[in-house]
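Enquirer: What follows is the residue order along each chain.
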Amino acid sequence: QQQVKQSPQSLIVQKGGISIINCAYENTAFDYFPWYQQFPGKGPALLIAIRPDVSEKKEGRFTISFNKSAKQFSLHIMDSQPGDSATYFCAASRGGGADGLTFGKGTHLIIQP
Amino acid sequence: DAGITQSPRHKVTETGTPVTLRCHQTENHRYMYWYRQDPGHGLRLIHYSYGVKDTDKGEVSDGYSVSRSKTEDFLLTLESATSSQTSVYFCATAVSGTGELFFGEGSRLTVL
Numbered sequence: 160q161q162q163v164k165q166s167p168q169s170l171i172v173q174k175g176g177i178s179i180i181n182c183a184y185e186n187t188a189f190d191y192f193p194w195y196q197q198f199p200g201k202g203p204a205l206l207i208a209i210r211p212d213v214s215e216k217k218e219g220r221f222t223i224s225f226n227k228s229a230k231q232f233s234l235h236i237m238d239s240q241p242g243d244s245a246t247y248f249c250a251a252s253r254g255g256g257a258d259g260l261t262f263g264k265g266t267h268l269i270i271q272p
Numbered sequence: 012d013a014g015i016t017q018s019p020r021h022k023v024t025e026t027g028t029p030v031t032l033r034c035h036q037t038e039n040h041r042y043m044y045w046y047r048q049d050p051g052h053g054l055r056l057i058h059y060s061y062g063v064k065d066t067d068k069g070e071v072s073d074g075y076s077v078s079r080s081k082t083e084d085f086l087l088t089l090e091s092a093t094s095s096q097t098s099v100y101f102c103a104t105a106v107s108g109t110g111e112l113f114f115g116e117g118s119r120l121t122v123l
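Chains as they are written, first to last, in this note's numbering: chain W, 160 to 272; chain G, 12 to 123.
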């Protein structure tokens, strides 16, 4: 499985601001790009996901932007809240994901009140 | 909640001892996975299963073996634990063809 590169490693945002996390991938066979959210002591949980036939997907305050030609995708959290403080992982898979997801190394997000 | 139970949730063991972690699911998902999570490395795939008795290696499979004798159970075994296997281990399941993984709450293993 090829690498998914995620940045930044950590991020501090003021309450009400926009949090932006970026990922880049190498394998052009990837066709599913999810973001997972993880709170301390818990397992990761799916937050939002996109497939490469669209350039953007929005669910509430969370938006994925996808740039197929640049092989990059990003998570935007609008109106960031202290409850959004967590670790976020981007990931990618191919062909239905039977052989699992390849994850980025994670971003530790802190939203300051 | 995908009905995934991992056991034990915490374990401390000594170098050289065998360790088995168990993952039990109640959702009848076909696919099951074992990941390890380490600071600075994210989540890395150890082994996965695509059906009863059907398993394959992931990115970091050395030193680990798995078995799946029933749809609901997926076991991860460290035949002879080493300090480098100190980690948090996550089991995950997936419905066929969706790509979405559901994770358990993790098993923290410390090898002294």
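To be clear, the hints were calculated from the coordinates, so they are not data collected in a lab. Keep in mind the model is a prediction, meaning the values are calculated, not measured. Glycine included, C-beta positions come from ideal geometry on N, C-alpha and C. Among the hints, erroneous ones may be present.
[Unchecked claim] In silico DSS-like links for lysine-lysine, alpha-carbon gap of 30 Å or less:
#, chain 1, residue 1, chain 2, residue 2
1, G, Lys22, W, Lys216
2, W, Lys230, G, Lys68
3, W, Lys217, W, Lys201
4, G, Lys22, G, Lys64
5, W, Lys230, W, Lys217
6, G, Lys68, W, Lys227
7, W, Lys201, G, Lys22
8, W, Lys216, W, Lys164
[What the hints assert, rightly or not] Covered stretches of chain W (chain G as the covering partner; in silico rule of three or more C-beta atoms under 8 Å from a C-beta of chain G):
#, region
9, 202 to 212
10, 225 to 238
11, 251 to 257
[Unchecked claim] Pairwise CB distance ranges (calculated):
#, chain 1, residue 1, chain 2, residue 2, range
12, W, Val213, G, Glu25, 25 to 31 Å
13, W, Arg210, G, Val63, 28 to 34 Å
14, G, His21, W, Leu205, 37 to 43 Å
15, W, Pro272, G, Ser80, 49 to 55 Å
16, W, Gly175, G, Ser80, 49 to 55 Å
Enquirer: Can you name, in rising order, the numbers of the hints this structure does not satisfy?
Expert: Going through the list in order, the structure violates hints 1, 10, 12, 14 and respects the others.
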